[in-house]
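> Chains as they are written, first to last, in UniProt numbering: chain X, 1 to 352; chain B, 1 to 352; chain R, 1 to 352; chain L, 1 to 352.
Calculated from the structure, these hints are not laboratory results.
No residue lacks a Cβ here, since even glycine has one placed at the ideal position from N, Cα and C.
Careful, some of the hints might be misleading.
[Said to hold, decoys possible] Pairs of lysine-lysine, DSS-like flavour, derived with a Cα cap of 27 Å:
1) L:Lys-209 <-> B:Lys-30
2) B:Lys-68 <-> L:Lys-30
3) L:Lys-284 <-> L:Lys-332
4) B:Lys-284 <-> R:Lys-30
5) X:Lys-36 <-> R:Lys-71
6) R:Lys-6 <-> X:Lys-30
7) L:Lys-68 <-> L:Lys-30
8) L:Lys-71 <-> L:Lys-284
9) B:Lys-267 <-> L:Lys-202
10) L:Lys-284 <-> R:Lys-68
11) B:Lys-267 <-> B:Lys-202
12) X:Lys-71 <-> R:Lys-68
13) X:Lys-267 <-> R:Lys-30
14) L:Lys-267 <-> L:Lys-71
15) B:Lys-71 <-> L:Lys-6
16) L:Lys-339 <-> B:Lys-6
17) R:Lys-36 <-> L:Lys-284
18) X:Lys-332 <-> L:Lys-339
19) B:Lys-284 <-> R:Lys-36
20) B:Lys-6 <-> L:Lys-68
21) L:Lys-332 <-> X:Lys-267
22) B:Lys-68 <-> L:Lys-332
23) X:Lys-30 <-> R:Lys-332
24) X:Lys-6 <-> R:Lys-284
25) X:Lys-267 <-> R:Lys-6
26) B:Lys-71 <-> L:Lys-339
27) L:Lys-71 <-> L:Lys-202
[Unchecked claim] What the simulated footprint calls covered on chain X by chain B, stretch by stretch (three residues with Cβ under 8 Å from a Cβ of chain B suffice, anywhere in the stretch; the number is not a length):
28) 52-63
29) 82-95
30) 141-150
31) 166-175
32) 185-198
33) 312-322
Protein chains: 4
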Amino acid sequence: MIVVMKVGTPEPEITRVSEELGSWGLTPEKIVGQTKVIIGLVGETASLNREQIQEVSPWIESVLRVEKPFKRASLEYRHGQASEVVIPTPNGDVAIGRDNPIAIVAGPCSVENEEMIVETAMRVKAAGAKFLRGGAYKPRTSPYAFQGHGESALGLLAAARDASGLGIITEVMDTADVEVISEYADVLQIGARNMQNFSLLKKVGNQPKPVLLKRGMSATIDEWLMAAEYILAAGNPNVILCERGIRTFDRAYARNVLDLSVLPVLKTLTHLPIMIDPSHGTGKSEYVPAMAKGAIAAGTDSLMIEVHPNPARALSDGPQSLTPDAFDALVKELAVFGKAVGRWEEAVPVLA
Amino acid sequence: MIVVMKVGTPEPEITRVSEELGSWGLTPEKIVGQTKVIIGLVGETASLNREQIQEVSPWIESVLRVEKPFKRASLEYRHGQASEVVIPTPNGDVAIGRDNPIAIVAGPCSVENEEMIVETAMRVKAAGAKFLRGGAYKPRTSPYAFQGHGESALGLLAAARDASGLGIITEVMDTADVEVISEYADVLQIGARNMQNFSLLKKVGNQPKPVLLKRGMSATIDEWLMAAEYILAAGNPNVILCERGIRTFDRAYARNVLDLSVLPVLKTLTHLPIMIDPSHGTGKSEYVPAMAKGAIAAGTDSLMIEVHPNPARALSDGPQSLTPDAFDALVKELAVFGKAVGRWEEAVPVLA
Amino acid sequence: MIVVMKVGTPEPEITRVSEELGSWGLTPEKIVGQTKVIIGLVGETASLNREQIQEVSPWIESVLRVEKPFKRASLEYRHGQASEVVIPTPNGDVAIGRDNPIAIVAGPCSVENEEMIVETAMRVKAAGAKFLRGGAYKPRTSPYAFQGHGESALGLLAAARDASGLGIITEVMDTADVEVISEYADVLQIGARNMQNFSLLKKVGNQPKPVLLKRGMSATIDEWLMAAEYILAAGNPNVILCERGIRTFDRAYARNVLDLSVLPVLKTLTHLPIMIDPSHGTGKSEYVPAMAKGAIAAGTDSLMIEVHPNPARALSDGPQSLTPDAFDALVKELAVFGKAVGRWEEAVPVLA
Amino acid sequence: MIVVMKVGTPEPEITRVSEELGSWGLTPEKIVGQTKVIIGLVGETASLNREQIQEVSPWIESVLRVEKPFKRASLEYRHGQASEVVIPTPNGDVAIGRDNPIAIVAGPCSVENEEMIVETAMRVKAAGAKFLRGGAYKPRTSPYAFQGHGESALGLLAAARDASGLGIITEVMDTADVEVISEYADVLQIGARNMQNFSLLKKVGNQPKPVLLKRGMSATIDEWLMAAEYILAAGNPNVILCERGIRTFDRAYARNVLDLSVLPVLKTLTHLPIMIDPSHGTGKSEYVPAMAKGAIAAGTDSLMIEVHPNPARALSDGPQSLTPDAFDALVKELAVFGKAVGRWEEAVPVLA
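Here chain X stands alone, though its shape is the one from the complex (with noise of 0.2 Å):
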């Protein structure tokens, strides 16, 4: 934190805050320019904010901050390097970060029956995904609304698993229900209304599986590392995050506007793997293939898209879900993109 002192300030009055700051555990550095006098404080930072020196004297004019707010999220903290999350599905390991293949999440937006999702599963698996996704709880504006299938689309989820071999994404947004989705979950998944929800990052802090957390709608990208950071400070390293379109002044056809800047930006600030979903991120089915293929040029290290098997009677989000046979068609014409930036699984020819 550096205080910059008004012009004219009594020296009587410096003085008098740098004791004031050195009593809250600062070590005040002096610093007299041509006409300004400027403290620069060192030590623990981090929780402060910078309105609360701005109270300790009106002679402050203003207290600019150094320091970035968040720690673990940071590339500082590993030197640089990025970090990949590894993931073990009954398929096999998948492993989400900068220098591994594309990783793709499909399905649809809630679980809605056994035959449907078990359906899914395997056409997405065919396609090219490497986990599903699938709400058992979903959060939705209206109480009116379809809340999903709660626990008992748990079961349904793993049945999924058990026949495609899929890892399974699945939302919680309930401290109450983490521990019983953590045993059906491959990655719990925090959900955009829920990036601030502090309690619940506690809690899937505090148990094993990776967590999957998405940008808060109007969320700055300083909000959602430090968000990422109760995650990490909690105890757990495996955290991916997920841009899913932001609020912006305009909602007349795209619901939200995905920022696939976050991709070169993020990639300067922090270590973790991130994902992108441009179903969220648009709102419209027709939109998605036109993001997707920007997200892997940009840089994205994944992709979450939602496939339903009839999107015109889906319970929830109907108009964001790409047919099984669109995704099909799309991750071929992703291919081409995935191999152009060197980050595409060749599939692996089966023997009959």
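Guided by the hints, dock chains B, R and L onto chain X, whose structure is given.
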């Protein structure tokens, strides 16, 4: 819902769409205009979304919602009559609503220790507040920042309640804490970051204490009212809506933009009482008086103002807190505006 | 500007950076802290941007701006003293400023014909307005919408001025029209969409009539004050800042969010007088009274309110216009708040 | 337009509303539903706004727009066929459109001197660019910053054009400069801050050179297309839409959020070709390559990239400029993605 078909849609396709929507339990009413055909959908459309209908046919040009998505929160639900939330406190019942005196809630961001919370309670009561706010569980951006004293702070709030007679408002962040907090608090607060924590909304909807529902930092008015709808639908009719500043493109001076226009807007939409929080809404104590006055003149039903005996040493949100002296002076100023709108409770002379 | 060097920057690189910045005409002052080296830059830094400095060396961690970018618009420029803009009108000089009675500007969006503009002028004058607004040149989203009557409407405004004695405020959209408009108008308005039309700002800065500068719909406060700085720097000291609603994520009910928090914020930053426009700020006449009252209580220096004799038939912006009767009633209500803040001009009794 | 009447509207009021709207030149078509009456308005509704109709009766519940506000810019206007803009340059015609090779525009923010602009032109041409960008008139936030060399810079651009054979793209900020700039430039650029400078749009619509229309920083897609409509309606059919980053709540790292989702969205709405500017879109040169690749994969028709021989000494926007070497390397990388989408012009082997 109104379904607008594209110019030139073949007759059989219009019939097919009508039948499909009819099979969803809706009654389609076909209307043949000069160039376009429109299908009105009569029936229970609250749980449908427009995009889902759009998927039914590529010949659908657009789907327009005619009804508002909220019911119990709507002004129509009470036939245009505002509701009031009556809260029992040791000093007597306090009613918050459109026809009641403006109620003031004051107190620190966090409960730090017994002395500070009791002192603050006595001071804000003397100045005219009806409720004491104070956080036991604190949502903090950083996991390394002070997280609140938790359950032990609830006991301190109880002490302040006993000493002052003020009602207590404190935040609940976790479904697991609802029960214990509702034993101590007179009003349960849902913070901005949890406005769409639907598990928590259901839980507080299912207990008897009134709920103060803060607006999410980028929540639309419809989303905010739908969050209230969750609580109402779960059985708790006592919800107060609290505007606390929204997130915009500019945060250089005020931390948020306090959206006072919700006052006239909400009054045309909902019967629920409204509170304005200029402290979080601006993030700086020097902006609080102007916005508190503006809120009264624009029609607020209540105000929430942060007060701390020593803002510079507050464990959280010091910069936006007033000192007890400043709060006292402010309430005197507010009285002028409260009287101008005919909603100020005259202090009852106390006999010696 | 403060340049923060990364931990471990080699000494020769620090020297090189200092010399490079020195060659730009700045005086670098090196400060050696415990872990980091900081270089303070003294000199004319207003025209520099932080990123430009950042480019000088990959060892630069960050560059922090200490000074505000505006000068003539700053409160310091007048040593903390507010300015007032004095505008001659047929009815006498009207001063707008922090220590003056609140001035009201009223009138239709567009000048439609002589009868309507003269009638409106007489009605708003009778109600207490000091200025008549009315567009001759209209910025319209659609090229097919009514674009204003142009120069001929200026003549109609002159007629209304003669009839009522009110000062005239009208918008200028094109550098080519500045001269003719400044012959007719008492105040030239720069609309929100032209707030950063720098050619136009320079031109109105170079003529003698006061300028009403509307805030761009997503302009930060710094950008707004820099736009004012263009006018001031060109030689015109008479600038009034007008807040007219900002663009946010929610436009379902109010067309914009009227940002009343600019009132306390601007008063700490600038000496320029402030106007609030609740008509454009909300986009609906039913929200105007609450926001006009709120603006007065929060400290505005003036108000701009749309009034049209027949809003349903207005050629533009009908829905946000009050009828003359409604305006008359509103001004009576506003008087209560204007008196509460001690800034209401008592009507002078007129002798028969 | 569809007018939805409230439940219980008296029959005579419905008749009155129909007659009133009929007197506006519209044909009302009454539709009696089960609970509500709806009035469809047939006729020229493009210049009407919904709120104006709403004012006609308090019994009107809502007014819904069925048609898009733009015509000539719409895909329907060309019966679903994309347009291409063909620009003559000394090196031959260059066509920008959906079925053409991706065209690259490169060059510095400002034209600083002859040597730098000619050198840059030669370097970017060698790397594969078809157009040289360079500002003669510069919109700058501060009046104290470098404002461009104006008309003299146009001569330098002509020299660079002669030397390199590249087409020239330069910004016009003032109606007074349109004529002289259109003598020198091959494409006239309208900057983001002038996207709704309607006087300027009309003027560039009334001259023969193609226009590059940058999106305003908080312009909705509808507003952007309506700005294009101004140019088209004035008679100039050659408009290219350029996305250059939008303003959101987070500016800590990237200066804007580059909205690549406009690519699939615009392709469903308009026939006009699209350009993406990742330099302004992110504000930092290190983010440019990822976003340029993403833009190609997501379907852009052209790219605009800032290149400066010495970014650290640039008179404007240095931080977002690539060096010629970095640009050269980037174009080689882009070729991989350009070929993947089948839209890359193979370099023609030059005979010695």
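> Could you work out which of the previously given hints the structure breaks and list their numbers from low to high?
Hints 1, 4, 8, 9, 12, 13, 16, 19, 22, 23, 24, 26 and 29 not satisfied by this model.
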